[in-house]
Amino acid sequence: MYVGALELDVLLGDVHSLKQKRSAVRPVMAELRRRFEVSAAEAGHLELHRRALIGVAVAAADAGHVRSVLEACERLVAGRPELELLSARQRLLGPDDD
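All residue numbers for the sequence shown refer to full-length UniProt numbering, where the first residue is 1 and numbers rise by one.
It should be emphasised that the hints constitute simulated quantities derived from the structure, not laboratory data.
Heads up, the beta-carbon is just placed ideally off N, CA and C, and yes, glycines get one too.
Distance windows between CB atoms, simulated:
{"#": "1", "residue 1": "30", "residue 2": "92", "range": "18 to 26 Å"}
{"#": "2", "residue 1": "95", "residue 2": "49", "range": "40 to 48 Å"}
{"#": "3", "residue 1": "27", "residue 2": "95", "range": "29 to 37 Å"}
Generate the whole structure from the sequences, applying the supplied hints.
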């Protein structure tokens, strides 16, 4: 089994409160879950209203599949006009990792 994790650091557009931030981030996470069957959560920058760290995780039997799903998730977030993707970081754990 392979487990992949993706951290997406994003800058939000015209957001002036944490409530507006939630309104912008939640639909993105819901779309990631629905389209790619991954786990997604807001995992950082919780007190900042214009930044969000979105964490995505996926498990599969094939490392190539895990990578392709994470890359598709990154492309989806990068393509959202209301967000600016500042950085993306992938990690992959496999059967040989301790």
